[in-house]
Structures are given as C-alpha cells and as structure tokens.
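If you count the sequence shown from 1, you need to add 113 to reach the numbering used here.
It is worth saying that the hints were derived from the structure and are not from the lab. Mixed in with the good hints there might be a few duds.
[Said to hold, decoys possible] Label-pair ranges, simulated between beta-carbon atoms:
id : residue 1 : residue 2 : range
1  : Phe190    : Ile217    : 42 to 48 Å
2  : Phe174    : Asp129    : 17 to 23 Å
3  : Arg170    : Ser313    : 37 to 43 Å
4  : Asp206    : Arg186    : 17 to 23 Å
5  : Pro189    : Ala210    : 31 to 37 Å
Cβ coordinates follow ideal geometry from the N, Cα and C atoms, glycine included.
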Amino acid sequence: MTVYLESNFILELALDQEQAAAASAILARAESGEIELAFPAFSLSEPFATVIQRARRRDHFVSTVNEQRRELRRSPFHELDIEPLERIPAAIDLINAREMDRLIAIVERTLLVATLIPTDLPVFRQAMTLRSEHDLSVPDSIIYAAVITHLSKNRTSGPHSFINKNFKDFQDPAIIDTLSNLSRTFLPSFSAGASLFDSSIG
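I would like the entire structure built from these sequences, with the hints used as guidance.
What follows is the structure in structure tokens.
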C-alpha cells in the first residue's frame with residue numbers, strides 16, 4: 114500500500130497542528146514498513162516557504178513592538194509597563210528557530226522512508242495539460258501529474274491512498290474518477306487516513 118502525500122503533511126507535523134497526531138501515526142507506520150510513502154519532490158519546497166513567511170510576519174511584528182518600546186521609554190511612568198515587551202524579541206527568535214528546526218527534522222525523518230517523485234519534463238507537460246482541463250493552480254497541477262504518473266507505474270499491492278487536507282483543490286469529479294480507476298482512494302484528512310490504516314492493517 115502506497116500513501117501519497119504532499120506539503121500539508123509536512124506542515125501538519127512540523128507546526129504541530131490539529132491533525133498532527135494522526136499524521137505522526139501515518140509516518141510511524143511507514144517507519145515500521147507497514148505502508149509506503151510517496152511525495153512529489155515539487156511539494157517539499159512549500160513547507161520551507163511557509164515557515165519562512167511566518168517568521169517574516171513575526172519579525173515585522175517585532176519591529177513594530179521595538180518602535181513602540183522606543184517611544185514609550187521617553188516617558189518614565191511607562192517604565193514598569195513596557196518591561197514585558199522587552200521579552201518579546203527573544204521569544205519570537207526562539208519560536209522562529211524552533212519551527213525551522215522542527216521542519217528540518219520532520220523532512221529528514223520523512224525522506225528516510227519516502228519515495229520522492231521527480232518533476233521531469235513529461236510530468237511537467239502533463240501538469241500543464243491537467244491545469245487547463247481541471248482549472249488547477251500550477252502547483253496543484255504539478256503535484257497531481259506527479260502522483261498519477263507514479264501511480265500508473267506502481268506495481269506494489271494496493272489499494273493506494275492520496276491524503277490531502279485541501280480537498281477543495283482536487284474535488285473535480287473527473288479527478289476523483291481518475292484516482293479511483295488507478296486503485297487509489299482520496300482521503301480529505303490525516304485522521305481519515307489513520308483510521309483507515311487502523312482498520313485495514315490493524
């Protein structure tokens with residue numbers, strides 16, 4: 114059984130979001146050899162872009178806080194009140210570093226057990242065709258093309274699954290039919306995937 118995943122799986126674990134426990138259970142099954150994981154290589158850059166963007170927004174917030182601190186220091190009667198603000202920059206630096214460290218660790222852990230699906234020229238050309246046919250974004254079309262290309266050549270025993278929290282991105286009935294014809298189940302959450310594997314694998 115091959116489980117196809119993309120960037121939101123990595124982010125779920127790295128940022129410890131609401132379905133992180135289910136995502137962790139899926140990764141643990143792959144590490145124990147019960148299932149196989151496959152990732153479009155294209156999707157691995159998005160988690161880093163997301164974490165970097167989150168850090169930039171926080172850094173902008175810190176700049177605003179620092180500006181307010183400088184202004185408030187001009188008034189001696191604010192001295193005690195601004196003391197908590199002094200700790201914000203260091204706290205934000207710690208949060209930013211922790212998120213990046215967790216992301217790197219999760220990516221390394223995943224790459225130890227996952228197959229990366231490359232974006233070669235045939236996959237890219239197919240993606241551009243699928244983009245027009247299904248009104249997909251460019252990133253989604255590349256991910257979809259990579260997955261169905263790999264799935265069409267997958268000779269391991271199934272059924273296989275594609276888990277994606279962003280169900281709306283792939284809810285075109287024609288996409289669902291294509292996945293079904295390739296012996297693949299589309300699952301809209303990591304919790305649904307973890308439950309399916311619990312019942313089918315034990």
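So, going through the hints one by one against the coordinates:
1. Phe190 / Ile217: 42 to 48 Å: Check passed, 45 Å falls within 42 to 48 Å.
2. Phe174 / Asp129: 17 to 23 Å: holds (21 Å)
3. Arg170 / Ser313: 37 to 43 Å: holds (41 Å)
4. Asp206 / Arg186: 17 to 23 Å: Because 21 Å falls inside the window, the suggested range holds.
5. Pro189 / Ala210: 31 to 37 Å: Between Pro189 and Ala210, where Cβ atoms are some 34 Å apart, the hint holds.
Figure legend: structure checked against the earlier numbered hints; every hint is met.
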